[in-house]
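For the protein sequence lines, the chains are B and C, in the order given. Be aware that the first sequence starts at 1, since it is given in my numbering, and climbs by one per residue. Be aware that the second sequence starts at 291, since it is given in my numbering, and climbs by one per residue.
Keep in mind the hints are simulated off the structure, nothing from the lab. A portion of the hints provided could be inaccurate.
[Claimed, not checked] Straight-line Cα separation of at most 30 Å, DSSO-like style, residue types lysine-lysine; simulated pairs: (1) Lys281/B to Lys540/C; (2) Lys369/C to Lys540/C; (3) Lys414/C to Lys131/B; (4) Lys372/C to Lys157/B; (5) Lys234/B to Lys74/B; (6) Lys369/C to Lys570/C; (7) Lys453/C to Lys540/C; (8) Lys570/C to Lys372/C; (9) Lys74/B to Lys61/B; (10) Lys540/C to Lys157/B; (11) Lys157/B to Lys320/C; (12) Lys234/B to Lys453/C; (13) Lys281/B to Lys604/C; (14) Lys281/B to Lys570/C; (15) Lys605/C to Lys372/C; (16) Lys131/B to Lys372/C; (17) Lys234/B to Lys218/B; (18) Lys218/B to Lys570/C; (19) Lys157/B to Lys281/B; (20) Lys320/C to Lys74/B; (21) Lys320/C to Lys369/C; (22) Lys8/B to Lys414/C; (23) Lys277/B to Lys320/C; (24) Lys277/B to Lys157/B; (25) Lys281/B to Lys61/B; (26) Lys281/B to Lys414/C; (27) Lys418/C to Lys277/B; (28) Lys8/B to Lys418/C.
[As the list claims (entries may be wrong)] Covered stretches of chain B, going by a simulated chain C footprint (3 or more residues, C-beta under 8 Å): (29) 98–110; (30) 117–125; (31) 205–212.
Cβ atoms here follow ideal geometry from the backbone N, Cα and C, with glycine treated the same way.
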Amino acid sequence: MKATNGEKIFYAINYLILAIIALTCVLPFIHIIALSFSERSAVDSGHVFFWPVGLQFTAYKIFFIASPALSAFKNSILITLVGVGLSLLGTILAAYPLSRSYLMGRRYLVMGMVFTMLFSGGLIPTYLVIKNMHLIDSYWALWLSGFISTYNMLLMKSYFENIPYEVQEAARIDGCSDTSLLIRIILPLSLPMLATLALFYGIGFWNSFMSVLMYINKSEMMNLTVVVQGMLSKNDLLNSPSLNLEEQATVATEMVKAVGVVIMVVPMLVVYPFLQKYFVKGVMLGSVKG
Amino acid sequence: MKGTVVETPNQLYERSEQSAWQLRRRRRLKQNIPLFIMLLPVIAYYILFKYWPMGGLVIAFKNYNFGDGILHSPWVGLKNFKLLFSSSNTLQIIWNTFWLSFLNLIFGFPMPILLAILLNEVRKSWFKRWVQTILYLPHFFSWVIVSGLVLSLFATDYGSINKVLALFHIEPINFLYESHSWLAIFVGSGIWKEMGFSTIIYLAALTTIDPSLYESAAMDGATKLRQMWHVTLPGIRHTIILLLILAMGKIMEVGFDQVYNLQNAGVSDVSEVISTYIYKIGLGSSQFSLSTAMGFFESVISCSLVLLANRIAKKFDQALF
Numbered sequence: 001m002k003a004t005n006g007e008k009i010f011y012a013i014n015y016l017i018l019a020i021i022a023l024t025c026v027l028p029f030i031h032i033i034a035l036s037f038s039e040r041s042a043v044d045s046g047h048v049f050f051w052p053v054g055l056q057f058t059a060y061k062i063f064f065i066a067s068p069a070l071s072a073f074k075n076s077i078l079i080t081l082v083g084v085g086l087s088l089l090g091t092i093l094a095a096y097p098l099s100r101s102y103l104m105g106r107r108y109l110v111m112g113m114v115f116t117m118l119f120s121g122g123l124i125p126t127y128l129v130i131k132n133m134h135l136i137d138s139y140w141a142l143w144l145s146g147f148i149s150t151y152n153m154l155l156m157k158s159y160f161e162n163i164p165y166e167v168q169e170a171a172r173i174d175g176c177s178d179t180s181l182l183i184r185i186i187l188p189l190s191l192p193m194l195a196t197l198a199l200f201y202g203i204g205f206w207n208s209f210m211s212v213l214m215y216i217n218k219s220e221m222m223n224l225t226v227v228v229q230g231m232l233s234k235n236d237l238l239n240s241p242s243l244n245l246e247e248q249a250t251v252a253t254e255m256v257k258a259v260g261v262v263i264m265v266v267p268m269l270v271v272y273p274f275l276q277k278y279f280v281k282g283v284m285l286g287s288v289k290g
Numbered sequence: 291m292k293g294t295v296v297e298t299p300n301q302l303y304e305r306s307e308q309s310a311w312q313l314r315r316r317r318r319l320k321q322n323i324p325l326f327i328m329l330l331p332v333i334a335y336y337i338l339f340k341y342w343p344m345g346g347l348v349i350a351f352k353n354y355n356f357g358d359g360i361l362h363s364p365w366v367g368l369k370n371f372k373l374l375f376s377s378s379n380t381l382q383i384i385w386n387t388f389w390l391s392f393l394n395l396i397f398g399f400p401m402p403i404l405l406a407i408l409l410n411e412v413r414k415s416w417f418k419r420w421v422q423t424i425l426y427l428p429h430f431f432s433w434v435i436v437s438g439l440v441l442s443l444f445a446t447d448y449g450s451i452n453k454v455l456a457l458f459h460i461e462p463i464n465f466l467y468e469s470h471s472w473l474a475i476f477v478g479s480g481i482w483k484e485m486g487f488s489t490i491i492y493l494a495a496l497t498t499i500d501p502s503l504y505e506s507a508a509m510d511g512a513t514k515l516r517q518m519w520h521v522t523l524p525g526i527r528h529t530i531i532l533l534l535i536l537a538m539g540k541i542m543e544v545g546f547d548q549v550y551n552l553q554n555a556g557v558s559d560v561s562e563v564i565s566t567y568i569y570k571i572g573l574g575s576s577q578f579s580l581s582t583a584m585g586f587f588e589s590v591i592s593c594s595l596v597l598l599a600n601r602i603a604k605k606f607d608q609a610l611f
């Protein structure tokens, strides 16, 4: 069918609106990246928009000298990598047995877990439990409190349940035990789901903020989120004695803040394109049935 | 008649049935052992980190102190709750929590539906893919990043908007320190962050609409807008209702990170919510019992709201559990 004039106008407007909305999602980042690379006079006078004016890198240098960002960056990576590994393991260990129809008491176990999504002890009792376990100032507090997300576990469980039964039966007849069935048949078939959950858990640990505020007191153990948040709320970033005065004069506070945001976003932008194609399927799986 | 009991064929059959059942049961038990070994750490985790804190809720009814611990601190009955509901400060905080998430709901809820409908009308797949990829992205950023962006846009002294205004000789505006503009920024940033990601579910629902409906609507002379109104929207009605009900179940929850990162002392009368308050008085000034009472109240309300929402959803055949 040929498009009528009305339809042509409609499509043009539609594309325009979507393009504008998409731009509002990227322009703030481009702006902040441009700020972080610009020279001070241009930033101060408000002439930097989406392209750096007078390219310079001093703000980055100052960011890494004036703040504990480098060690915070390492901490964030450690928290994320170990956290994702543990959480995926925990989620698989929960989802596999619960996806077996012959598991005894399956209904009650699932109900017990779903209940924790509806009702929880809340912030202070959870804090006291972590404290009584002497996990304050230990990353185990973060890894364990984010160990299994019940929602992710349910996603994984229904994914396992949808793997064709015939494949599993064949493996069983060939003498596979539960462990080898899981490792050699089910997990390789679940790579898209594993990638999705790795992204979800990874983003969660990389962004972890409240739990770090609560459970970590030592400043050298803070992660990037908390360090950058601290910088955003400060107005005298450039008063560190370790800074070179000449360089300080070439940088404005907001430029250093911009660097903080850029540093937090870049690692995500590196991982995102690789995992992006998987998560849509994962989210749809957990969404409403047709 | 005495001596040996002769079994009828029926009894024989029943006996063999019984032993087969026992055999199956024994085999099933054996099959279950490796599964339970796998589940062991998981169950331990749920007991230690999910159910034990629920037991810790008793300190809402106690005067908790470190010396006596959870078990031996003195009982005070409902004193903490009375304290909460007699103070205008805490009532204001409960109201703020409700109000902020209500605003998030009424302005944030329609956006993903609109976006999904617009995206669904895109015929160029490369364009659709690009727009989707970009729209999903903000969902994965932490509120620290978003608040950094908000600051760089709206800050009074160095915000880009004020700098552009300055080029036109307009006095800087305190966007972040006025209640009204703060509320707008709060709601707007929430929409900006989540609108793209929430379209995923609607887009999935849209794929189930029969394309022939559009064709026949077009035959009958329906314009694109009419097709959206009479075909698209009714087609995803169930999804919309379900998500709306679910969202209403979460009306008492407004995320800690969003509020904590955007709030400032200037707007504390509208921006203090239950979660930030618990964090501040609980961990900041060690008022464990009082803040636990507040958290308990919040948990009970939101749990009942979710259950109520689910019950309503059942009426529309859309219940979750």
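Outcome of the hint check:
Of the supplied pair hints, the one linking Lys281/B and Lys540/C holds, its CA atoms being roughly 25 Å apart against a limit of 30 Å. Between the alpha carbons of Lys369/C and Lys540/C the distance comes to roughly 28 Å, so the proposed pair stays at or under 30 Å and holds. For the hint pairing Lys414/C with Lys131/B, the CA-to-CA distance comes to about 55 Å; that exceeds 30 Å, so the pair is violated. Using a Cα cut-off of 30 Å, the hinted pair Lys372/C and Lys157/B is violated, with the two alpha carbons roughly 44 Å apart.
Taking the CA atoms of Lys234/B and Lys74/B, the gap is about 23 Å. The hint holds against a cut of 30 Å. Proposed proximity of Lys369/C and Lys570/C is supported: the alpha carbons are some 20 Å apart, at most 30 Å. About 39 Å separates the Cα atoms of Lys453/C and Lys540/C, which puts this hinted pair outside 30 Å; it is violated. Restraint check: the Cα-Cα separation between Lys570/C and Lys372/C comes to about 20 Å, which is no more than 30 Å; the hinted pair holds.
Using a Cα cut-off of 30 Å, the hinted pair Lys74/B and Lys61/B holds, with the two alpha carbons roughly 17 Å apart. Distance restraint check for Lys540/C and Lys157/B: the Cα-Cα separation of roughly 25 Å lies within the 30 Å cut-off, and the hinted pair is therefore satisfied. Between the alpha carbons of Lys157/B and Lys320/C the distance comes to roughly 22 Å, so the proposed pair stays at or under 30 Å and holds. Restraint check for Lys234/B and Lys453/C: the C-alpha separation of about 20 Å stays at or below 30 Å, so the hint holds.
For the hint linking Lys281/B to Lys604/C, the alpha-carbon distance of about 26 Å falls within 30 Å, and the restraint holds. For the hint linking Lys281/B to Lys570/C, the alpha-carbon distance of about 39 Å lies beyond 30 Å, and the restraint is violated. This hinted pair does not check out: Lys605/C and Lys372/C have alpha carbons roughly 37 Å apart, beyond 30 Å. Taken as a hint, the Lys131/B and Lys372/C pair is honoured in the structure, with Cα atoms around 28 Å apart against an allowance of 30 Å.
Only pairs whose Cα atoms come within 30 Å are accepted, and Lys234/B paired with Lys218/B is accepted, the gap being roughly 19 Å. Proposed proximity of Lys218/B and Lys570/C is supported: the alpha carbons are some 19 Å apart, at most 30 Å. The suggested pairing of Lys157/B with Lys281/B holds, with an alpha-carbon distance near 15 Å, which does not exceed 30 Å. Using a Cα cut-off of 30 Å, the hinted pair Lys320/C and Lys74/B is violated, with the two alpha carbons roughly 46 Å apart.
A hinted pair counts as satisfied when its Cα atoms are at most 30 Å apart, and Lys320/C with Lys369/C does not qualify at roughly 53 Å. For the proposed pair Lys8/B and Lys414/C, the alpha carbon gap of about 13 Å is at most 30 Å, so the pair holds. Using a Cα cut-off of 30 Å, the hinted pair Lys277/B and Lys320/C is violated, with the two alpha carbons roughly 40 Å apart. Proximity of Lys277/B to Lys157/B is assessed by CA-CA distance (about 21 Å); at most 30 Å being required, the pair is judged to hold.
In summary, the hint linking Lys281/B to Lys61/B is not supported, as the alpha carbons are separated by about 41 Å, beyond the 30 Å threshold. With a C-alpha separation of about 21 Å, the suggested pairing of Lys281/B with Lys414/C holds against the 30 Å cut-off. Straight-line distance between C-alpha atoms of Lys418/C and Lys277/B comes to about 14 Å, which keeps the hinted pair within the 30 Å bound. With a C-alpha separation of about 17 Å, the suggested pair Lys8/B and Lys418/C falls inside the 30 Å cut-off, and the hint holds.
Only when three residues or more bring their CB closer than 8 Å to a CB of chain C does the claim for the segment 98–110 of chain B stand; here the count is 6, and the claim holds. Requiring three or more residues with a Cβ within less than 8 Å of a Cβ of chain C, the coverage given for the segment 117–125 of chain B holds, as 8 such residues are present. Note: the segment 205–212 of chain B has 4 residues with beta-carbon separation from chain C under 8 Å; the three-residue rule is met and the coverage holds.
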